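Q: Given the structure of chain A, go ahead and fit chain B onto it with the hints provided.
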Amino acid sequence: MRAPLSWLREYVDLPAGTTGREVAAKLIAAGLEVETVERVGADLTGPLVVGRVLGIEELTEFKKPIRYCSVDVGPAGAESGEPQRIICGARNFVVGDLVVVALPGAVLPGGFAISSRKTYGRVSEGMICSAAELGMGDDHSGIIVLPPGHEPGDDAIDLLELRDEILDIAVTPDRGYCLSLRGLARETATAHDLPLRDPALLDVPVPNEDGHPVRVEDRAACGRFTARVVTGVRPDAITPVWMRRRLEKAGMRAVSLPVDITNYVMLELGTPLHAYDRDRLEGGIGVRRAREGEELVTLDGVKRALHPEDLLITDARGPIGLAGVMGGEETEVLAPERDPETDEWRGTTTIVVEAAHFAPIVIARTARRHGLVTEASKRWERGVDPEATAAAAQRAVDLLVGLAGGTADPGVTHVGVLGVPRTVLLPADHPDRVAGVAYGRETVARSLQRVGCDVYGTDELTVTVPSWRPDLTDPNDLAEEVIRLEGYENLPSTLPRPPAGRGLTPRQRLHRRVGRALAGAGFVEAPCYPFLGTAALDALGLEADDPRRRTVTLVNPLSEEEPHLRTTLLPGLLAALRRNEGRGNHDTALFETGLVFLPGGDETAAPRLPVDHRPDADAIASLDAALPHQPRRVAAVLAGLRDPAGWWGPGRPADWADAVETARLVAREAGAVIEVVADRHAPWHPGRCAAIRVTVDGGTLVVGHAGELHPRVIGALGLPDRTCALELDLDLLQRASEGPVRAPGVPNFPPATRDVALVVDASVPAARVEEALREGAGDLLESLRLFDVYTGEQVGEGRKSLAWALRFRAPDRTLTAEETAAAHEAAVAAAAERTGAVVRGA
Amino acid sequence: MSAPNKSYDPVEVEALKPEAVERAREDALEAIAGAGDLEALHEVRIAHAGDRSPLALANREIGALPPKARADAGKRVGRARGEVNKALATRLAELEAERDERVLVEEAVDVTLPARRAPLGARHPLTTLMERIEDVFVAMGYEVAEGPEAEAEWFNFDALNIAPDHPARSEHDTFFLHAPGAGAEGAEGAADAADGPGSGVVLRTHTSPVQIRSLLDREPPVYVVCPGRVFRTDELDATHTPVFHQVELLAVDEGLTMADLRGTLDHMVGALFGADIRTRLRPNYFPFTEPSAEMDMVCYVCRGDSVGNPDRPCRTCSSEGWIELGGCGMVNPRVLTACGVDPERYSGFAFGFGIERMLMFRHNVEDMRDMVEGDVRFTRPFGTEI
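Going down the list, the protein sequences come from chains A and B. 399 is the number that UniProt numbering gives to position 399 of the first sequence; each next residue is one higher, with no gaps. 342 is the number that UniProt numbering gives to position 342 of the second sequence; each next residue is one higher, with no gaps.
Hints were generated in silico from the structure; no laboratory data involved. Please note that the accuracy of each hint is not assured.
[Said to hold, decoys possible] Output of the computed footprint for chain B on chain A, the stretches with three or more beta carbons under 8 Å from beta carbons of chain B:
| hint | region |
| --- | --- |
| 1 | 164 to 176 |
| 2 | 360 to 366 |
| 3 | 555 to 561 |
| 4 | 582 to 590 |
[As the list claims (entries may be wrong)] Distance ranges between label pairs, derived from CB positions:
| hint | chain 1 | residue 1 | chain 2 | residue 2 | range |
| --- | --- | --- | --- | --- | --- |
| 5 | A | P15 | B | D305 | 27 to 33 Å |
| 6 | B | D370 | A | T45 | 44 to 50 Å |
| 7 | B | E344 | A | T505 | 48 to 54 Å |
| 8 | A | D697 | B | E344 | 41 to 47 Å |
| 9 | B | P114 | A | E818 | 51 to 57 Å |
| 10 | A | P740 | B | N309 | 56 to 62 Å |
| 11 | B | D305 | A | P195 | 35 to 41 Å |
[As the list claims (entries may be wrong)] To spell it out: a stretch of chain B is covered by chain A in this simulated footprint if at least three of its residues, at any positions, have a beta carbon under 8 Å from a beta carbon of chain A; those stretches are:
| hint | region |
| --- | --- |
| 12 | 118 to 127 |
| 13 | 199 to 210 |
| 14 | 256 to 265 |
| 15 | 356 to 364 |
Nothing here was measured: the structure is a model prediction, and the numbers come from that model. Built from N, CA and C at the ideal position, the CB exists for glycine as well.
So that you can see chain A by itself, here it is in the shape it has in the complex (with noise of 0.2 Å):
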């Protein structure tokens, strides 16, 4: 909402020298969100007068027509107030047109000085303004001409209020009233403790039979109608400069004078209203709502299907309105034309004014289906004062008769009855118990008569509060008026004593520890967004039927090329490490903890719960019935070299390896034992693709795969080569913890250590050789390490050989040479006997 600060000073009589940004200040305090100060004509200086075209000289020898008028500035011209003699290249004006001058000695906005000068082959004394020159928007159009009803030499500054403050407020859902001059001077008299002259404090007719007439269907959704009608309405009447200007600094456009009327009250008052042209209505109004199949063109030409809900303004023919939202095509106000042929002037001459209540849900739901956020539903979708309609009215009808030069009809139209004043029981030490302060009965109830409010009572109080305010319901939001009266500003700072706290929970920690762990590792935290294309699942090569493909869709994603969210981490992360690539990032690791939507098909709608009351355990369950499974996930890619290179030695370059032991690190950080085994799965490399193995509750679960991407999808997403990656289900990690750690022994007994180098087909894995080895070996066997991989001739075609590091040690006692070469046979031994391995030279 705009409020111009010489608008404001109309209704709060605030000190000469009050600047906007004082009272701009003075509304923060007070709750008000005030964006901006704008100072509009702080640059100009005049002399600017009101002048009137004596003659017109064409002058046509130029490339483009070009005027030399001699205009009649009274008192402000030249040596004895002779007219000026001006060249201007505008030419909508004719001789007889008031208009607006900057006399030599002016500066325009922008430091456009004014002096005289010669152009054109003449001596040109000031400049003819346009509207865009004096900085009152952007109408290029041509010179401003003024209505008739000023006098050559009139200060032109102030007539069109050219030097002024605006403040620019952003109005919060609850502050409905605020979206009207009339709410806004309300809190800035409030805030200097200054009375208010209230604009709807006017004088209504009684209701009579002679009115036009309404018929209200619909009670609950337009608990008032107001008709009235004013006729003789002089088509040629032209919006005067204050309430063009005034609507302007408001940021809206002029139209035509009725329409400008209703704007300009609904921004006085706050109440939308609407005229109609009653020569286009047939019979009488009515308010109901839409049946099946109607139809409107609304104002802005547009042809709306209407929904059984949506509630209607309606005369004999059928909808002539979305009510509280926009009127239609077929019965608005016409705008002026002159008769050609006559040159009289034709146009609306009798009009209706509509001032009604309507139901704020009914308008905000209208409003949606339509896509259609009017400055009407604005207003009443956040509450307007229903006991102002009758003033709105008035205020439309008079300013028609006084500007317009039209007569008010005696029959006055009134549907609906006065409200109720609405009252809240609030115990007068309620708002002390609120904010800590004891403000004690007086303050309390003098800070709620400011606000409007009527107070009864000692410690119980009855707070009437008033029409304006339908955001005052509860005692809290009495109790926010009196905080905010006695100022937040000046509340005490105390700290409250929560009971002893137990810390992070196991899988917070986990979540902390993981990445502290891969950022030692000299991985770097990308968090990635969620959203999820087809085309990144195609670029994994994942199969049709690929449960990753089963995704939960957003209804309006922000691209459509995204409109999923992700059921893997790794497309956000490797579009994350190729950007990196893109900018010379090269060398590159980087990891994402984070959720994932798994739809489990079986889904249901989330029901829509009551909120009076705590939902039982069977209706908390059918929301999260409704919810796709979300487990944590961690993931990492890398690319490029692994250890750099310098002036130590070259660089190594990272492998499936890096991406293996990177899932063991997390592994070992969950406390989880996991088992590695090779597998095939996208979007891995068939021959270099680890599944990452738990056992939880006796059962064998996949946590995750890790090691290097398959060549295609390297390729498809253009990837430096031999990219590894991985991805772990964290929650599944946590649950296969073996608890806390039990401290081994750690006996001073000397080890024995022997090697061993074991030759296997090249298709059995290491890790079965190994845990032969370690069963083999028995208790006695400390450690195993395989230090060297050999494949060549010396082994035999298909063949590898394994050299393993065995360290053995007892708790109690030294081992004797005979025990160490018992173990290590058993250990071998066992290897051949479940892998088939051969000591090699053996």
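A: Showing chain B alone in chain A's frame:
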């Protein structure tokens, strides 16, 4: 090795004559002093202190002396051997020190050579800033609560006193989810989107639904801090992102007041920006709190000195003197009622703020996109804590 000769009783043994012992001692000391390096000293040790050295041989003959002479000879030989051994040790230490000196000088390197041989990782500052805030509250006794990102509308709106037709609901720019099985082809028009597609599920627009879940899960008193990702249908630009992070706080207990809210805010701001940073509350409106407020803190950079002082502009607060943190207020009793908490007995306060914004003003981030693109050059300097 020769054993003492008990059958032979000579009066004198040549090697044990005082002159001979003295000569052997002097020879030894001279040789030790003359040893130029550790190898030479090794030779000297063999020659003058080894098993076949004159003093060792003399020592062996002591048993051959008459008993009366043995003590005297033993004392003289022992003293001489002691002196020689001591001189050897001293010389050895000198020569070793010389050698060390020389070798260590030869081994000197250029310690300014950069040697980052391991890749440099980092956590994202949005993550670590959220954790930092969590830690402030965990230290006060709060729990960290989490919830789903795809959330039922009832949790995200209704229970928070945002009824289906409340204007605030459309101001939330919500992502709606299709009902299961509807698929993308069932997409409805934008106008209908505001009413939701019927699945009743949205991407949460704030972390407030976690507050509702916390109230349903726990018995009061409830003190929770709720960090997390939230979603609004804003296009990404320098100041907007459709996916962002919030931390919200909820306290529900007997007798909590707005003064407690303010004190808690002061404490948090003090912990994050310095103990003397003041806060300010301005009235505002949120459906889920009543009274509601916008919270600001004094600019921790200029401390307000830049206001009306064009010579000392402040980029952090745009010379406003105050930095907007977020919204807060007393939990609307209607919210308590929806969660089965008796508003006659309990009251509560809540506040929430955007982490992106805080990161921007706390660390001079100038473009929202820097925080979402995953560029390692942005993230690395933040390390693992913030």
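Q: Take the region 199 to 210 of chain B, compare each residue's beta carbon with every beta carbon of chain A, and decide whether three or more fall closer than 8 Å.
A: Per the Cβ count (4), the hint holds.
Q: Could you tell me whether the CB distance from D370 of chain B to T45 of chain A stays inside 44 to 50 Å?
A: Distance hint for D370 of chain B, T45 of chain A holds at roughly 46 Å.
Q: If you look at each residue in the region 256 to 265 of chain B, do at least three have a Cβ nearer than 8 Å to any Cβ of chain A?
A: Answer holds; 8 residues pass the 8 Å Cβ test.
Q: Taking 8 Å as the Cβ threshold, is the statement that the region 555 to 561 of chain A is covered by chain B upheld or broken by the three-residue rule?
A: It holds, with 4 qualifying residues against the three required.
Q: Is the distance from the Cβ of P114 of chain B to the Cβ of E818 of chain A consistent with 51 to 57 Å?
A: holds (53 Å)
Q: With respect to the beta-carbon atoms only, verify the hint that D697 of chain A and E344 of chain B lie 41 to 47 Å apart.
A: At 46 Å between Cβs, range holds.
Q: Tell me whether the statement that chain A covers the region 118 to 127 of chain B is true, taking a Cβ distance below 8 Å and needing three residues at minimum.
A: Since three or more residues must qualify, the claim that chain A covers the region 118 to 127 of chain B holds, with 9 doing so at under 8 Å.
Q: Is 27 to 33 Å right for how far apart the beta carbons of P15 of chain A and D305 of chain B are?
A: holds (29 Å)
Q: Within 35 to 41 Å: is that where the Cβ-Cβ distance between D305 of chain B and P195 of chain A falls?
A: holds (38 Å)
Q: Are there at least three residues in the region 164 to 176 of chain A whose beta carbon sits under 8 Å from a beta carbon of chain B?
A: The restraint on the region 164 to 176 of chain A holds, since 4 of its residues have a Cβ under 8 Å from chain B and three suffice.
Q: Holds or violated: the region 360 to 366 of chain A covered by chain B, criterion of 3 or more residues with Cβ-Cβ distance under 8 Å?
A: holds (count 4)
Q: Mind checking, does the region 582 to 590 of chain A have 3 or more residues with a CB under 8 Å from chain B?
A: It holds, with 6 qualifying residues against the three required.
Checked against the numbered hints above, the structure breaks hints 7 and 15 and satisfies the rest.
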